[in-house]
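Q: Chain residues, written in single-letter form:
Number of protein chains: 2
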Amino acid sequence: MRQAGRSLPEYRKARAGIAMLDACRRPDLVCELTLQPVRRHGVDAAILFSDIVVPLVAAGFELDIVPGTGPVIAHPVATAEDVARLPRLEPDDVGFVTEAIGLTLAELGQVPLIGFAGAPFTVASYLIEGGPSRNHEKTKALMYGAEPLWHELCARLAEMTLTFLRVQVAAGVAVVQLFDSWAGALSEADYRRYVLPHSTTVLQGLADAGVPRIHFGVGTAHLLPAMAEAGADVLGADWRTPLDLAASTTGRPVQGNLDPCVLFAPWDVVEPRVRAVLAEGAGTSGHIFNLGHGVHPATDPDMLTRVVDLVHEVSARA
Amino acid sequence: MRQAGRSLPEYRKARAGIAMLDACRRPDLVCELTLQPVRRHGVDAAILFSDIVVPLVAAGFELDIVPGTGPVIAHPVATAEDVARLPRLEPDDVGFVTEAIGLTLAELGQVPLIGFAGAPFTVASYLIEGGPSRNHEKTKALMYGAEPLWHELCARLAEMTLTFLRVQVAAGVAVVQLFDSWAGALSEADYRRYVLPHSTTVLQGLADAGVPRIHFGVGTAHLLPAMAEAGADVLGADWRTPLDLAASTTGRPVQGNLDPCVLFAPWDVVEPRVRAVLAEGAGTSGHIFNLGHGVHPATDPDMLTRVVDLVHEVSARA
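If you read the sequences in order, they're chains A and B. When we follow my numbering, the leftmost residue of the first sequence carries the number 87, and every step to the right adds one. When we follow my numbering, the leftmost residue of the second sequence carries the number 87, and every step to the right adds one.
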């Protein structure tokens, strides 16, 4: 469950007074924050505490993460000069991630660690918009209006992402997950034209890495078959996409898809919905139970624990 | 093209110093702002200048529209008492809309006028969140966690919306459009359980009104068949949903679906995309060309005029 930490009092305590990007660059803290949801909930895998802008910052690009807002970029990418000035990521730039993974693996024991990175479209959207965006207007304006520049930008981001994920694999993560959070804003035709080649660079670039590759975005019911072509072994789906449909249209195992907002309801509402997700997943060729998006910060941690327990109970009986 | 006015200098001039909600309540200004895109672009229909919160405000609910943000509600709806306190809309409360429609029709001549209102889910989301929201967390928390209260709230909003649209029909609009902008945030199963009954109250309640009913939301590829069941004669689709799929899964004529962000690109990019939408629409049993969402304020008005001209040119030849 991505961002499960955000709802934990021990997370808020550990992060107190430490900015997000500073936390991501402190191996001891990354280790602690990665482990917290495993300790608390007994989940079957840990996900590396990080942010999709970490490789950009590590390479020397100037940006900040503003609490309650997200990444904010003082000088957004707009021109060919801006793209040309984007720094390249050297593996040594993210030595702190290698170190953090080493510390974390030593603590995790048999629990596998999932590495992660943001996909080129989603990272490009932050770079061009200068922050989070509802409609991705500037991103699409550049994409539609300056296609060669768009491809140049995404090729650079794909290279950076691939480098970053290779570092994580070399450090020992057991699985990698590529998040294209906002790709759902595109039609399938546009996704194929402007995005798929670059996500393919990343995911196919890891074909020989020996770890399963998960690919996920929000609101991608109409894109999943195309996203599967990028080279993912597992496709994540949010609650809008029925798991059986996700599985049948992609021919892949699927991960998902309980709406994290369901966790705000009482247990007698949550329980049948967790069971329904598991039942739908059981009808596919392979299902990893998960939420359909990150954990909302206001979620009751005890509710997460109950969900994990129920998933384990039902899975053990299956 | 909804919100086409926002990109016009004559719109900004007419609105200068006048708050959105004040503009919506001044019949002379509503008439002028409704007419501007027709004069400028020669579109085939006008859409009433209004906002989805207008009936709420007219009924006496306190809220504001903040420029650059949207509706902001000082005391969001959270409890049974809040729902019980929601004012009812009497037709006389929106006499200014009747007057505005009268003035507008007198100026429009043969050009039909489209009335509009927000659907219960989307209006409820603003009321509960207190403003625009990315994840609709509080809305879903109430929906999942307090289902009877949710249905009571939506039943009241449906009644209000139906009253508001009946006033518009009585005043002479030729078409009504019901916007459920954010319904795409739900799975089809949840849409059917929590939303469809209330949108049906509105749209079926207008079955005898003698005007076509258009129903639209953003990111609704997975919901269109369910949305069609609410009683719409025409389904709007955004650019994520191929028009042929929208038509075949709903059995209805479709409206859409050029991505308004495409209009930021040069004409040699825009032109083939407009032609592609028209070609896709020509393969259905009925197509109304439109954008897939409102016009972005930064759009070049001349680009909109060129698009309208091209649609007319291609349609005249078909």
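Misleading hints may appear alongside valid ones.
Listed next, the stretches of chain A that the computed footprint assigns to chain B, with coverage defined by at least 3 CB atoms under 8 Å from CB atoms of chain B [to be verified]:
#1 94-108
#2 266-278
#3 318-327
Mimicking SDA-like on lysine to any residue, the simulated pairs with C-alpha atoms at most 20 Å apart in a straight line are [stated by the list, open to error]:
#4 224(B) / 356(A)
#5 224(A) / 328(B)
#6 99(B) / 126(B)
#7 99(A) / 167(B)
#8 224(A) / 99(B)
#9 224(A) / 384(B)
#10 224(A) / 369(B)
#11 224(B) / 89(A)
#12 99(B) / 89(A)
#13 224(B) / 224(A)
#14 224(A) / 354(B)
#15 224(A) / 154(B)
#16 99(B) / 380(A)
#17 224(B) / 245(A)
#18 99(B) / 353(A)
#19 224(A) / 387(B)
#20 224(A) / 126(B)
#21 99(B) / 92(A)
#22 224(A) / 173(B)
#23 224(A) / 352(B)
#24 224(A) / 89(B)
#25 224(B) / 355(A)
#26 224(B) / 220(A)
#27 224(A) / 388(B)
Calculated from the structure, these hints are not laboratory results. We put the beta carbon where it would ideally sit given N, CA and C, even for glycine.
Q: Taking only the CA atoms, is the gap from residue 99(B) to residue 380(A) under or equal to 20 Å?
A: At roughly 43 Å apart (the allowed maximum being 20 Å), residue 380(A) and residue 99(B) break the hint.
Q: Between residue 224(A) and residue 388(B), does the CA-CA distance stay at or below 20 Å?
A: holds (19 Å)
Q: Regarding the pair residue 224(A) and residue 99(B), is the alpha-carbon distance no greater than 20 Å?
A: violated (25 Å)
Q: Holds or violated: are the alpha carbons of residue 224(B) and residue 220(A) at most 20 Å from each other?
A: holds (19 Å)
Q: Could you grab the alpha-carbon distance between residue 99(B) and residue 353(A) and see if it respects the 20 Å cut-off?
A: This hinted pair is violated, its Cα atoms lying about 54 Å apart.
Q: Tell me if the straight-line CA distance from residue 224(A) to residue 89(B) falls inside 20 Å.
A: Holds - the C-alpha atoms of residue 89(B) and residue 224(A) are around 19 Å apart, at most 20 Å.
Q: Does residue 224(B) pair with residue 224(A) here, judged by a C-alpha cut-off of 20 Å?
A: Between residue 224(B) and residue 224(A) the Cα gap is close to 29 Å, so the pair fails against 20 Å, i.e. violated.
Q: Would the hint linking residue 99(B) and residue 92(A) be met if the CA-CA limit is 20 Å?
A: violated (46 Å)
Q: Against the 20 Å threshold, does the CA-CA distance of residue 99(B) and residue 89(A) hold or violate the hint?
A: Status violated; Cα separation ~46 Å.
Q: Are residue 224(B) and residue 245(A) close enough, with their CA atoms no more than 20 Å apart?
A: Violated. Residue 224(B) to residue 245(A) sits at ~39 Å, over the 20 Å cutoff.
Q: Would the hint linking residue 99(B) and residue 126(B) be met if the CA-CA limit is 20 Å?
A: holds (15 Å)
Q: Quickly compare the C-alpha distance for residue 224(B) and residue 355(A) to 20 Å and report which way the hint goes.
A: holds (16 Å)
In the structure shown, a violation is registered for the earlier hints numbered 1, 5, 7, 8, 10, 12, 13, 16, 17, 18, 20, 21 and 22, in ascending order.
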